[in-house]
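This is what each chain is made of:
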Amino acid sequence: MLGLFNRERRAYEALVTEHLDGALDAAGRERLDALLTADPARAAQVRELEASVRLLRAQPPARAPRSFALRHALEPAPVRPAPAGGGLLRWAQAATVAASLALVALIGADITGVGSSPTVALEATAPVSESFKTAADAGADGQTEMALAPEPTPAPDDGALGMTALAPEAGDGALAEDVTAPIAEPAPEPTGRGALEWAQIAAGLATALLALGTVALTAVGRRLR
Amino acid sequence: MRQAQGGNLASFNALVERHQDAAYGLALRMLRDPAAAEDVTQEAFFSAYRALARFRGGSVRSWVLTIVANGARDALRSPARSRTTSLERHLEGTDPGGTWASADPLPERAAEQAETARIVHAAVARLPVDQRLLVGLVDLEGLDYQEAAAVAGVALGTVKSRLFRARARLRDLLRDAPELQGALPRPTGEAEG
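These protein sequence lines are chains A and B, in that order. Each residue of the first sequence is one higher than the last, beginning at 1278 in the numbering used here. Each residue of the second sequence is one higher than the last, beginning at 65 in the numbering used here.
None of these hints come from the bench; they were simulated from the model. Cβ atoms here follow ideal geometry from the backbone N, Cα and C, with glycine treated the same way. Please note that a few of the clues may not be correct.
If the Cβ cut is set under 7 angstroms, some of the chain A residues that face chain B in the computed set are [to be verified]:
{"no.": "1", "residue": "Val1323"}
{"no.": "2", "residue": "Leu1326"}
{"no.": "3", "residue": "Ala1339"}
The shape of chain B in the complex, shown without the other chains (with noise of 0.2 angstroms):
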């Protein structure tokens, strides 16, 4: 970091390969349109490429995180952000490449979970932009609390409350996906918290 502070690109460049999977998922997963995630994904790393200067130390990884969710905001609030939601369309088939691909190098293994990935994430992306956010920087991306607080921009209760719900819709999206019948146990009653 220090390097890529002294204007050696580089430098930055290796922080852009190490941080662009994450930065790029959670454009995808706010926006769920894949195109606009490129540009926001994109354009954070210019902006992180601008502000190096005042990056004050800390985890590199929140820092680009937060540029990414902040870009991603802004698009979602953007007048000119017409396109219908396409991330549908994305997990059905139109991305041989694998946003999610599975590294199974067993063809029917690696297809059963690139299945199971396109339910999960597709159900991710019917939660609600704040819920989704959350779930995306703690289960997906393994940030803890305070980093995921940091990043969303909101406490530390409105956190674990945020994530709570999440976690409850999607045991209910995911409960009804015939595909996953076993993958989850049956529900035997009905008391939420």
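Next comes chain A alone, as it looks inside the complex (with noise of 0.2 angstroms):
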């Protein structure tokens, strides 16, 4: 209801500009003729408007007090002097480039695995029956018994749990303890922060120390300009 009348408001408020002006075309006049016949209060006040209009015309232009011309051709606009701290702040930006370039590089590393340990990988990843054949070549007593066992099944996790699969039924402890001992020992779990990890983790702090050192100086440099 309000957005109606305010729409209604404003097409008025043209129509009377643009009559004032002489900008009104035929469709508009015949609105605003319309209007101002029914509401003779308005057509007062449109009567009002234009004798200020014309009073406010009929005065004389403003006058220079003196002539602006130019006395000489001018040099192009100044180079501003750097403002001070402004090598600084270009040190403090390349520095947080580099950071961030840095992060984003280790990121990289740990999602790519690049830089990690092989052996720990190894381990971790190596299939069970490979483990195996890795111990039974070692030479303990039972690999002959071994090499009769039948085919691993496949375990269902890689690990010590898998293993027990793998050991003889006739329940020669020793046997399957010679043999699984190395294969299900756990990859070792990382018990801290591995170096990569700190070393995102200095490289993140950095970046935001710099970057914020980087605003301070930008907004230092801007109150002095």
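Fit the two chains together into the complex; they arrive one by one in their own frames, and the hints show the way.
See below:
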């Protein structure tokens, strides 16, 4: 309701304005005439507006108090001197970019596995049968029996649980232990943060601090300018 | 303009002479301070000279007035601008050269016209800055809506509604001036838009 009223009011204002500037087209003229015929108070106000605009336009134009002509050709716009701390700001910006790139590289290395320990990776991912073969080649007494043992059933998971399926049913505990000992040992869990992780944290902190420093230096530079 | 763009200072100064009254008038209406208006006008012509290569055609007057309007807006925002409005004082007799001096050769009529001009411009000076900018551009400088919209940096519809409000306010201010009794028709009722 209010929107409709506002639209109507704006349309009326536009009509009157165009009328005062002689920019009203035939359709607009017809609409305004209809409105003013129906509302004599509005018609009177439009007459007052016409008179004030006439009075305003009758005034002599402003006159410049002096000539603003240029006495001589100007040089191109002067280059502003670098604000104090500009060199430091450039260094901070460069260092921020370098730290960000280092962080990205470290995260990338983490994701792709580049740089992580190959031994750990092998132990963690080697199939059970491969590990079993390695153990059998070690020359233990039970290796013949082991070779006669049925083909190992694929274990659902790597590690010690899978090895119970490979142990001989005869219940030779010593043999089972000998064979499974190196395999059953789970891949070493990282007990703390690795070097890569520490490097990531350091690069992240450096990036954040340098970015803050750059913002602060920029703000100081702007204030000094 | 082409010669000025080619670095011809005399051609550029011819443009300055042609547009400096409108430029100064606009700055004065916006700033209401003759000294500040002079500064802004001079600075606008410096800027225009330096920006000649960037002029891509169209109305030179609109281009110059846009630079002036931007400069005046900056001056209005500047914290260094702490001088009080002095246009009223400027209009009340310290302007013998006449910013709006009448060209009428008869001294009595010239004095009467100068008095009317003083009242009208004082009324314009009491409008909000966005309204006095548009009244100045359209009613005093004769720009069309498109040009005024470009200089003021607003939409066409905004130009019309601001103009309507500015003129309505101006009508009220002029109606209240005792010196202008008879110049405006008497109000017959109050039923605004």
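To see whether the hints hold, each was checked on the structure:
1. Val1323: It is violated, given that the least Cβ distance between Val1323 of chain A and chain B is near 10 angstroms, above 7 angstroms.
2. Leu1326: holds, 5 angstroms
3. Ala1339: Where the cut-off is 7 angstroms and the nearest Cβ of chain B is about 3 angstroms from Ala1339 of chain A, the hint holds.
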